[in-house]
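This is what each chain is made of:
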Amino acid sequence: MSALLEVEGLVVRYGRATVVHGISFALERGGVLALLGRNGAGKTTTLRAVMGLVPPAAGRIRPDGRDIAGLPPSRIARTGVGWVPEDRRIFRRLTVLENLEVGRQPARDRGNPWTVERLFALFPQLAERRHHRGHELSGGEQQMLAIARALRGNPELLLLDEPSEGLAPPVVRTLFEALGEARAQGLTLLLSEQNFRFARLLADRACILESGTLRFSGPMRELEERPELARAHLAV
Amino acid sequence: MGFYLVQLLTGLASASSLFLVAAGLTLVFGVSRIVNFAHGALYMLGAYLAWALVSALPHGPLGFWGGVLAAAAAVGLFGALVEVMVLRRTYRAPELFQLAATFGLALVIEDLVLMVFGPRDRLGPPAPGLGGAVRVLGEPVPFYDLFLVAAGPAVLLLLWLLATRTRFGILVRAASEDRETAAALGVDERRLFTAVYALGAALAGLGGALQLPRETIHHGMDVEIIAEAFVVTVVGGMGSIPGAFVAAVVIRVLQALGILWLPRIALFLTFLVLALVLVVRPFGLFGEREGPPRPDPRLLVPYRPLPPAGRAAVALLVLALALLPRLLDPYTLVVATDVLIFALFAAALHFAMGPGGLVSFGHAAYFGGGAYLAALLVRDLGLSMLPALAAGALGAGVLAVVFGSFTARLAGVYFAMLTLAFAQLLWAAATQFTELTGGHDGILGIWPPAWAATPESFYLFTLALAVPSLAVLRHLVFTPFGQALRGARDHPVRLLTLGLAPQRLLWVAFALSGFFSGLAGALHAFAKGSVFPDLLAIPASVDALVAVLLGGLQTLAGPIPGAALLVGIEAWTAAVPWPRLVLGGLVLAVAVAFPAGIVGGLAGLVRRLRFGREAPA
Numbered sequence: 001m002s003a004l005l006e007v008e009g010l011v012v013r014y015g016r017a018t019v020v021h022g023i024s025f026a027l028e029r030g031g032v033l034a035l036l037g038r039n040g041a042g043k044t045t046t047l048r049a050v051m052g053l054v055p056p057a058a059g060r061i062r063p064d065g066r067d068i069a070g071l072p073p074s075r076i077a078r079t080g081v082g083w084v085p086e087d088r089r090i091f092r093r094l095t096v097l098e099n100l101e102v103g104r105q106p107a108r109d110r111g112n113p114w115t116v117e118r119l120f121a122l123f124p125q126l127a128e129r130r131h132h133r134g135h136e137l138s139g140g141e142q143q144m145l146a147i148a149r150a151l152r153g154n155p156e157l158l159l160l161d162e163p164s165e166g167l168a169p170p171v172v173r174t175l176f177e178a179l180g181e182a183r184a185q186g187l188t189l190l191l192s193e194q195n196f197r198f199a200r201l202l203a204d205r206a207c208i209l210e211s212g213t214l215r216f217s218g219p220m221r222e223l224e225e226r227p228e229l230a231r232a233h234l235a236v
Numbered sequence: 001m002g003f004y005l006v007q008l009l010t011g012l013a014s015a016s017s018l019f020l021v022a023a024g025l026t027l028v029f030g031v032s033r034i035v036n037f038a039h040g041a042l043y044m045l046g047a048y049l050a051w052a053l054v055s056a057l058p059h060g061p062l063g064f065w066g067g068v069l070a071a072a073a074a075v076g077l078f079g080a081l082v083e084v085m086v087l088r089r090t091y092r093a094p095e096l097f098q099l100a101a102t103f104g105l106a107l108v109i110e111d112l113v114l115m116v117f118g119p120r121d122r123l124g125p126p127a128p129g130l131g132g133a134v135r136v137l138g139e140p141v142p143f144y145d146l147f148l149v150a151a152g153p154a155v156l157l158l159l160w161l162l163a164t165r166t167r168f169g170i171l172v173r174a175a176s177e178d179r180e181t182a183a184a185l186g187v188d189e190r191r192l193f194t195a196v197y198a199l200g201a202a203l204a205g206l207g208g209a210l211q212l213p214r215e216t217i218h219h220g221m222d223v224e225i226i227a228e229a230f231v232v233t234v235v236g237g238m239g240s241i242p243g244a245f246v247a248a249v250v251i252r253v254l255q256a257l258g259i260l261w262l263p264r265i266a267l268f269l270t271f272l273v274l275a276l277v278l279v280v281r282p283f284g285l286f287g288e289r290e291g292p293p294r295p296d297p298r299l300l301v302p303y304r305p306l307p308p309a310g311r312a313a314v315a316l317l318v319l320a321l322a323l324l325p326r327l328l329d330p331y332t333l334v335v336a337t338d339v340l341i342f343a344l345f346a347a348a349l350h351f352a353m354g355p356g357g358l359v360s361f362g363h364a365a366y367f368g369g370g371a372y373l374a375a376l377l378v379r380d381l382g383l384s385m386l387p388a389l390a391a392g393a394l395g396a397g398v399l400a401v402v403f404g405s406f407t408a409r410l411a412g413v414y415f416a417m418l419t420l421a422f423a424q425l426l427w428a429a430a431t432q433f434t435e436l437t438g439g440h441d442g443i444l445g446i447w448p449p450a451w452a453a454t455p456e457s458f459y460l461f462t463l464a465l466a467v468p469s470l471a472v473l474r475h476l477v478f479t480p481f482g483q484a485l486r487g488a489r490d491h492p493v494r495l496l497t498l499g500l501a502p503q504r505l506l507w508v509a510f511a512l513s514g515f516f517s518g519l520a521g522a523l524h525a526f527a528k529g530s531v532f533p534d535l536l537a538i539p540a541s542v543d544a545l546v547a548v549l550l551g552g553l554q555t556l557a558g559p560i561p562g563a564a565l566l567v568g569i570e571a572w573t574a575a576v577p578w579p580r581l582v583l584g585g586l587v588l589a590v591a592v593a594f595p596a597g598i599v600g601g602l603a604g605l606v607r608r609l610r611f612g613r614e615a616p617a
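Residue numbers (the working numbering), protein chains in the order written: chain A, 1 to 236; chain B, 1 to 617.
Warning: the hint list may mix true and false statements.
[Unchecked claim] Pulled a few chain A residues facing chain B out of the computed Cβ check, cut under 7 angstroms: (1) THR95; (2) ARG129; (3) GLY218.
[Unchecked claim] FRET-style restraints, in silico, Cβ to Cβ: (4) A:GLY22 x B:MET85: 36 to 42 angstroms; (5) B:GLN483 x A:ASP204: 29 to 35 angstroms; (6) A:VAL11 x B:ALA322: 39 to 45 angstroms; (7) B:LEU306 x A:ALA168: 56 to 62 angstroms; (8) A:SER138 x B:ALA501: 34 to 40 angstroms; (9) A:GLU136 x B:ALA571: 46 to 52 angstroms; (10) A:LEU71 x B:LEU496: 51 to 57 angstroms.
[To be verified] Here chain B is said to cover these stretches of chain A; the calculated rule only asks that three of the stretch's residues, wherever they fall, bring their Cβ under 8 angstroms from a Cβ of chain B: (11) 148-162; (12) 193-199.
Hint data in this document are derived by calculation from the structure and do not stem from the laboratory. In this text, a Cβ means the ideal position worked out from N, Cα and C, and glycines have one as well.
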């Protein structure tokens with residue numbers, strides 16, 4: 001088993017408050033792991049720690065076996081970690097094409113890279129809006145752009161923070177199909193979700209977080225067989 | 001008619017250099033959020049370098065334009081070097097420290113320019129091929145002015161192409177909007193910051209170099225342009241290059257035309273435009289509304305009342321201070337008086353900045369305002385010292401109420417800039433209305449009465465006023481008002497839900513700060529026997545800021561040792577050959593090494609020693 005990402009004993013503090021209490025999980029190359037839990041459970045913080053946006057107080061984060069805890073986010077991004085933030089954070093004053101350019105990492109354009117053309121084939125709706133500025137896009141288009149922008153850097157691991165939040169079901173379906181296609185190209189996904197149905201369709205493994213501690217970690221199948229877990233820790 | 005057209009062209013020509021400096025300033029601010037006080041110094045450096053290069057290179061177009069462009073490039077390279085060696089080390093510190101660092105940098109550059117190029121003013125050659133004048137509607141216009149009129153829009157176009165057609169430009173715009181997301185997408189902030197600072201510096205250098213055929217190159221150039229460049233960036237909207245262009249043109253054209261109508265108005269116009277624009281559009285012409293500035297969590301350390309041992313120590317210290325006249329010679333006692341007055345001023349500023357979170361770049365308005373008011377009342381109404389002091393303090397408090405009513409809606413850097421503008425307005429008034437203020441000659445003969453005329457008695461008098469004032473400022477922080485004030489700083493919305501008016505609390509705090517600054521200023525007038533426009537100028541405001549930062553923003557006692565240190569350093573550096581180099585270097589060293597200020601740094605050290613390795617909150 002080759003783990004693409006190993007997180008060991010991750011602790012994150014904001015000031016004196018500990019938000020993540022020493023959690024560990026591993027993610028295989030090509031796998032999809034969903035971090036589940038309610039608001040404030042520590043999902044976003046965990047993803048931000050992997051991205052280097054919050055410094056972990058303790059623990060190790062190893063994508064591809066090398067420890068990245070403490071590196072600046074830009075260096076982590078360039079080791080092949082893509083970032084789709086919770087509120088999408090599209091550059092509002094930049095056009096769709098310019099947003100994609102920010103995501104480009106010249107050094108990683110090898111093999112079969114995610115070119116602008118391929119991304120527009122993945123999200124045809126974005127192609128029509130290529131010269132529109134970020135603030136002119138709908139919520140769904142912004143989410144597509146956030147994913148396309150992260151893919152433009154040709155990551156090996158994509159972090160998705162609540163990708164289905166606030167989106168209409170048809171848009172969620174588009175995202176689901178696009179992520180499935182990206183996965184077929186060998187992409188590994190780590191997502192945080194409150195939408196259990198979306199997560200169940202996409203992920204093969206799941207972790208349930210509550211108040212910053214791990215309550216469950218295992219195959220998605222196992223979680224489906226134990227509905228009492230989902231009821232206790234998730235808003236379903 | 002022709003005459004007005006010529007004035008218009010002159011205004012447009014002078015707008016170009018101002019635009020170049022402001023464009024660099026706004027670019028640097030947009031990406032790194034640094035308000036770069038050193039930008040005027042970089043402009044001056046560009047002018048001197050261009051003078052040296054053009055003089056050394058063979059005459060002719062190649063030598064001249066080669067020299068101008070090489071000067072701009074050299075300033076850009078210098079900027080990159082400074083960013084990597086100094087500024088980069090301050091990015092982890094609170095934003096105010098970066099400000100202090102750039103101010104220190106400005107001082108260092110000023111003395112370096114003096115050291116390398118000598119004290120003499122320099123006159124550049126005319127631009128080859130662009131000498132002479134053309135007649136426009138019968139009036140002569142220097143050909144070089146017409147070139148400058150075109151140079152401004154040309155640079156604007158180039159910058160626009162850079163911003164929209166190159167990867168670098170796109171990354172700069174992305175990082176200006178959302179640094180964190182850009183970094184998470186793999187954009188290397190360090191390299192981007194260095195490149196942007198270098199570009200900003202090169203623009204300032206080019207602005208200075210292009211002045212070579214137009215004006216005398218002298219050592220006051222940096223101060224002359226920096227306040228106006230700040231105004232232009234704010235009027236245009238911080239971070240907006242087209243905004244900087246429009247604002248530079250509007251301001252310089254208004255000045256050029258206003259001077260025909262009323263010669264004195266030119267200096268005011270700049271600041272009137274600023275005040276008007278910010279009242280109507282608080283984020284500038286092309287600026288975008290930003291969220292409220294997130295207070296730096298490191299600055300939100302809870303204040304603690306002094307424990308009994310501390311109170312005893314303070315009582316002992318005051319007693320020792322009261323005994324100083326027996327130990328010190330008169331000269332040192334005068335310095336000690338300066339320290340007390342300046343400590344009061346710094347503490348008053350700290351009251352606005354620390355508990356109120358109102359970062360004022362223009363507190364000289366209240367210090368100098370109090371000083372001038374007291375001096376005028378003594379000279380023209382024959383008031384004696386005590387009523388004059390009271391009037392000075394009250395007048396400054398009223399001034400703060402008035403200015404505060406304009407600034408109360410603003411936050412962060414826009415607030416800071418408007419306070420700076422108001423101070424400059426007063427400074428302009430003091431220099432222009434010579435009948436009343438004596439202009440640069442100031443007002444002389446403001447001496448204390450006989451009972452306080454000796455250095456000893458005036459020192460004791462100052463002590464008797466400063467200690468209770470400092471005690472009041474400190475005590476206020478622990479009253480319900482002080483607690484509500486911190487609430488207004490940190491959680492204005494929550495305060496509203498409690499039925500309190502956060503804006504009004506901040507306004508009151510600003511007025512109190514103005515009052516005590518005015519008291520310090522009036523005391524200063526009597527201590528020196530005179531007032532000068534310097535008391536209202538930017539360096540006076542910056543001195544107080546530096547004292548607060550030296551002491552540490554998050555410590556209540558900080559401003560006092562901070563002021564003592566700064567006055568001490570200034571008294572000492574007055575005797576060294578390159579005072580600004582030493583002072584600037586020290587400020588830089590503190591900003592790099594003690595981001596919590598000296599008192600804050602020591603307090604943190606003591607805490608760590610006492611409690612072991614505790615994570616800072």
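Structure-inconsistent hints, enumerated in ascending order: Violated hints (numbers, rising): 1, 2, 3, 5, 6, 9, 10, 12; every other hint is consistent with the structure.
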